[in-house]
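Bring the two chains, given one by one in their own frames, into a single complex with the hints.
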Amino acid sequence: MGLKTFIQGWPVYRQLTGTDPLGRGAAAQSPRSAGLTARTETADGMARSVCPYCAVGCGQRVFHSGGQVTQIEGDPDSPISRGRLCPKGSASKSLVTSPLRQTKVRYRRPYATEWEDLDLDVALDMIADRILAARAETWEDVDEQGRPLNRTLGISSLGGATLDNEENYLIKKLFTAMGALQIENQARI
Amino acid sequence: MAEAHPVGFQWVMEAKKRGAKVFHVDPRFTRTSALADTYLPIRAGTDIALLGGVVRYILENQLDFREYVLAYTNAANIVSEQFADTEDLDGLFSGYNPDTGSYDHASWQYDGQEGNATVRGTGKERDSASGLEHESHGEPVPARAPRDETLQHPRCVYQILKRHFSRYTPEMVARVCGIPEERFLELARAWTENSGRERTGALVYSVGWTQHSVGVQYIRTGSIIQTLLGNMGRPGGGILALRGHASIQGSTDIPTLFNLLPGYLPMPHHADHPTFDEWVDSIRHPGQKGFWGDSRAFAASLLKAYWGDAATPENDFCYGYMPRMTGDHGTYQQVLNMIDGRVKGYFLLGQNPAVGSAHGRAQRLGMANLDWLVVRDLFMIESATFWKNGPEVATGEIVPEECRTEVFFLPAASHVEKEGTFTQTQRLLQWREKAVDAPGDARSELWFFYHLGRVLREKLAGSTQRRDRALLDLAWDYPTHGPHAEPSAEAVLKEINGYEVATGRPLGVFTEARDDGSTAIGCWIYSGVYADGVNQAARRRPRHEQDWVAAEWGWAWPANRRTLYNRASADPDGRPWSERKKYVWWDPDAGEWTGYDVPDFEKTKPPSYRPPEGASGPAALAGDDPFIMQGDGKAWLYAPGGVLDGPLPTHYEPAESPMRNPLYGQQANPTRKIYEHPINRMNPSPPEPHSQVFPYVFTVSRLTEHHTAGGMSRTVPRLAELQPEMFVEVSPELAGEVGLAHLGWAHLISGRAVIEARVLVTDRLTPLRVDGRIIHQVWLPYHFGTEGLVTGDSANDLFGITLDPNVLIQESKVGTCDIRPGRRPTGPSLLDLVGDYQRRAGMTPDRKVPVVTTDAAGGDDAAGSTDEQSAAAHQDGEPHA
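Residue numbers (UniProt numbering), protein chains in the order written: chain F, 1 to 189; chain Z, 1 to 881.
One chain only, chain Z, in its complex shape (with noise of 0.2 Å):
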């Protein structure tokens, strides 16, 4: 955090002069590290190892909140008889189809609900990377289940936690992650005495959790913590996500994705939503308690927003024009279509794939094989300049020649050049004004849309194709101003906030919505940042003039709320759980909520109100009910539903691994999504032989003075000045292993690229004991490339495509690769050395991953069990049997 959320890190430090303690966890000795109470180095990829621990030393202590736990979470529900843990099966869990590598989720619902589900193993879930809908809300689960309210119920979901953790002991995380259990120990203690109804403490995180085959696994993992120790909706708890990009959070909210509409609304499917009314009960789910009941209103009201005039409730508001997907459309499928030929034309804006993503190589071909590029950005980047400049180049892989792709570079205007909002990481929305004039034909994205779209329009005039209508009676009539007619983005955010149909009078909160077509909204989670009309997101009083909660900073979604599910601040009476932690709470006299922040709850809703039989939607929402975005009120320790790879967090080894699991037979992820395409070879990892060609586990992570791909800042000259190399940290242990010199050059390889570096020896990289074997990790940051003042390999060349199954996220922090001292060799000769490599590691063309590497679950493909693999896996020093 303090290297790549520096100025967030402050506020570490804050706490830890009030006498908060402070623990790192990281494969590399940062400055975060060092400032630090405890530093704990752990093995890339094993974190729900470590997690794991944490929940089971807090079980095992009975250490949790018990009143919170009992009254605000599902660990009194019920299970299911018919589930089966991975306890049972040697790490899968109950309804895993070898087939489909999917679960079908009826063994995982409450007792009596198995007919519930929503997931029956076909895959198509995650295809659409449907756990991403849940960044607003939960799965749909029947408002009542059966609950022992005593916990002592062999199935109750608080007996499952516990048999599900058990073998998470301290000897085990300190096999599984090399952890020394006295330190692991010192974390379980701190992190325990630190919560409760007096303190709360908080977990940070960043891509280091995400970008892994079971990231959202590791987010669960976390939760499951904070929500047993009742750090959930309080001041000084949470889970907070740093994110890295400055509105990364508002696209993800306003998607650019394939997979959802604004407010997460899901992007319809054909197979499930050929209607208007099958798409929004999908949503809403009838009957179902909670916030959703309202999305009929939320649909209706974006596609008003979409379609203005043209859209009726008697066409059911254009539904008809909606594209619709049919599987995996993501970005690393888009991009093995491309080398395949399939895509003509790709858009880049302010992205920079060919050293950012994934998989470099796989990237540049895909970009090689187009008919048309439009590269919208400030500086020129490498996936620009990937026929001329790339690697690909080096090697004849592309002849400039003879590479068919049009590439239009269009420049684009800064932060300082148009006006407009971003949402941080905190969901706070902090709108910009424009300083200057874009120099030259630096536009921003804002216009060169607005006129595509103009464009477009104008060219399709008369059209009577059918394709074309959705484009024609599109709402594009957006007020210009200046020379260039640039839109207004303020009329843009008015129509985002949403606004009643007939008067233009923009909506307070999303609770005016309709389903009648009398209102229009473009993201109804950002309905109230035009309230009144004016410009909540412009808001500045400054800190000294507002109490800490600093409500009048910007504007947070939903409803200017600071803390999420900030209802739970207060116990289930609505009196805060200490004076020392009060946030938010119930005043009888007044017969409201009221506190420091916006209250998360009706606000006139009593802590006694029962709903009555039959409700749905917000009524069916008791007053103690704190998680008003879940099907039940209640926070999961479980998940019945909604999570692909499993109701509980489970160990497994990342995609690549140089150890076989110690926990279980099943080695990874077995719902991960892996694709089988010629230029996607993974390395072996047991118990597949020849994991030993790749023994050393590579990480990458950002330095504080470049930024991701490196386009805004291999290109700035204090930046480049301050780091000017591609450099690999190794420790001195694997430097006088391998022959590697400080300062020297060392060159990487993995079964897809060779990548060159300097040398740093250093200690902040330790050698882990894990598993009675030593294991080697090494550090590399990913910002180089070849264009700017200063250029190097990309690391992320070293990467395969293997993505998380919920929310289709690359495992882009950890692999396995072989170091060799020296430079790497360069030209055709490059592509020999990894020819070589494929070769030793038997990485044929036509091998496959394999999936299941237990028995447990009967499947054709279960592997493990081979005279070879058995011998790989003793090589390896590894004693599963």
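Extracted from the complex, chain F is given alone in its bound form (with noise of 0.2 Å):
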């Protein structure tokens, strides 16, 4: 290596007659860090999409490779965010990725001290005989004078806040032609 090459490799050189006055790019690479590619660019793909925490509706840039999330990242193009993210925002790659989302149907018996397996056909079909079992004991078709009630007050739900539009349209479409009246979400809280 020759006195000059040495001189120009020092990034203080660099930094006082590069380009990166301030010393935070492009002064700052070493031989490694210049040959790093970020996990954006070689993404196989990049949803855009809207943080999922609270209602200000950030714009999200959702990367991902072989079926996973690599990085979430601002959207620099939204006249909302402009590309920024709060703390939670930042972090919903550790949100949707962790070790710790339950990826199984669990299920607790009656008077059982520990959760156990259930196939999610299953659970779905149970559910269901549940639904109408509840139905059935505690149906309401007309009041005392032979109005029409058509309900059930034997079935209750909650939450809706966090989901997406089509999805509460279909519960409320759902719940209200099972005639349980009984829905609630944390716009009430």
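Just so you know, the hints here were simulated from the structure itself, not pulled from any lab data.
Please read all numbers here as calculations on a predicted model, not as lab measurements.
Cβ coordinates follow ideal geometry from the N, Cα and C atoms, glycine included.
Some hints here could point you the wrong way.
Stated by the list, open to error - Okay, the calculated bits of chain Z under chain F, using three or more residues with CB under 8 Å as the criterion:
| # | stretch |
| --- | --- |
| 1 | 6-12 |
| 2 | 463-471 |
| 3 | 708-715 |
Unchecked claim - Not the full set, but computed from the structure, chain Z residues with beta-carbon under 8 Å of chain F:
| # | residue |
| --- | --- |
| 4 | Thr-326 |
| 5 | Gly-356 |
| 6 | Asn-369 |
| 7 | Trp-372 |
| 8 | Val-407 |
| 9 | Thr-421 |
| 10 | Leu-429 |
| 11 | His-451 |
| 12 | Pro-542 |
| 13 | Arg-718 |
Okay, here's the thing in structure tokens:
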């Protein structure tokens, strides 16, 4: 290595003479960091998304490779958030890739002290049976004056503010057809 | 705002850079206070007194935007001579019925229109939270009311307002709120000086305003100020609600709520709406002015979307299938019913009431008394493990071997594992693309409910039961894709938008809705989100390629309008109020409204338009009636109906307060929803004796690093590490008084629970000098529970259940408690400690909370006159006689 190469390789020299006077980019690069590629550049794809926490609605870019989320960043195109995310939004890759996430159906029998496993299809079928039983047991056709009631007060539901509009729509539609009136969500809280 | 909506707060900072003055009012000094020009500490639960002081300041000094007020509000309307104000009745309005705890609205009407009142004091509207229907429109009123344009008539709204707030002086603000007079005047001056033709001011609030027994009236007071100052419908103005969940606005518009149907149509009531026609007429009020005149078409189109081919004009579109309300079916009533064994099954869909709802113990004991519970969430939350790890297992109140609740935990898909729309806090829909498949058994709610419906219908096939027709006739054939048969979210969005039944053509706007069965619309206010068959919510034109309104980013309801009632940004003649604040205006050459935003007005109706005699619906709105969803096209300074606890806001003390109300003999909201259930014992407040057993005020809010009940943040390592532990913030003065050590432990006691927390002694909390005494307030985050990476006691356990009468939201931003040094007891002795406090405070199971505390009502349960109560009031240093 010649003296000139040595001096030119010195970050302070590059900072003073190059395009990076604050020394936060090219001037501070080592050969190793110069050879690195951002994982956002090599991602299989990027989904335009929205932060799942509060209702400001910050834009997110969700990068993924091999079917896994590899990075979530603020969307600089968004007129709402201009690319920014708060501590929670910035942590949303940790949220969706968390090893603590439940990925299996869990079932607790009456009077049991522990969880057990259950197939999703079986769970769906059991829940449907319980809905029908609750309706049969608690159904109210008419009030004491013969006016229609068409309902069950034996079934309740809570939640919706973290879900999509399309999901809330189907929930309300199905519960209404079931006669299940007691639907509520975080908007009441 | 900087704490809980940090990225939204960047726009406050942008405004500040451009010269805006920022005021922050909060019981606790936060990151918002640090960045504001002025911070005003306030006693929790007294904002109406502060805002009422601003109203008085505006009126006494004649600082209202008079031209705007005269043209666009009901300031000139003359009110019935039967109306009596809280000034006359010691804190009650006329029409109060102490037996039902509610008002007959007849005397609140405009002069000569007393018969128009829709509420006659039954309390039915309170039980059905009917105030929520007004999210999109006002209460019906006759289009023409007697007016005095000089504002001199003693019974005109302007003069009534002036009298009503006349005692809300700077001295009174200081006495009630603990805000020094000069600080209050600084706020009042800045607000008025920065409003008018050339300037606008904005008001931003969140659940610190709504979660009160007078929550709706907080917002009403704000809207009176903003209307008097001409800040509504104009750029840089408005009242901005910062909502706390990604699509909480969407789940109100397309409601998973008991009392509403999509687009704020009311859920039918068994007595009021036995037939389709009666239901529709209760919404549209035949002869009414404004856009609700078309509601028959919205209602018919919703039922058509629900029941498809089965819904015909001949069978009233299957209206007969609709379930009917008979009273209060809200979440807190449900929980008490669970405790009483009346609910069989419960679904929890991304919500964690064991931590997030008021009175956590009631929530958990309710869940422990179900037949079955279905929890759908990303993580194992407290509401799924109450039978195993809940605080009641420690006290012995829940024994797993004796708890019969069958629990299904079904893992949910995250926001990147499904596609669909969120509606953010300003009514903007944004479509999310799917990035990856959900892991294992995790599924979207779309998947779960579509397939649940499919299985239910399969099981019921061939049923002859009448009750099963609604399920069997349901339009439930959504296209699916992929290995798990995921339903198409876009197909559901198209149904929400609405379409022409014969051709399937998506509707472009809600005015295309028909009442003959030829259109099906899932949510009429969302019509246009799928206009031209294009997913408008997926639009993402970069902000640099469009103007500051950014109309091509996502889609806002209604009709992609970004600022509601923006006709008010122009003067009555259609000209901008000022060049600086121009937004939407009339273009006489083109003969239409134009501007930066989609005009919130009929596009070609000129400012000079006057409705012909006998007109109804939109045609009855004049060319200078900007508030088009109101029955009279005007903004209401005074509400002759629709607000159940009064036509004007009034300061009442919170349901639990250490103080007697300095303004009126009436202590707390006389119409608040009270649940007299053995589990729901409320701490006594003056004039009841023993309030000194719970001498301190507590309030709760969010940390930047956590989200609501913690299910999406205490489970995330980076966030858990940033805020690892439950704590309580106390002032140095209180720490000295009680003997609390910084970083040591304290426990807090209410009539419901005991919780413990680490102590943070900080001058972020200030002892307030209020009405001649010192009030200490403490602050807690409400995010903690027993599951996740970091755990702690739940602050919401301290609260009892008392609700606002208009929308049934609970008072969970203020309560009273005691605080003591050291850790709380564990096991059954914890219950002994609560029992000891209940005994000392006289909270016997049969005690009735006094609702009326003034003799003005003349009711049987008027309290406040016994020797014991007077003594208690005196003991609290309260001079009110």
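Subject >> Ascending list of hint numbers which this structure does not respect >> reply: 6
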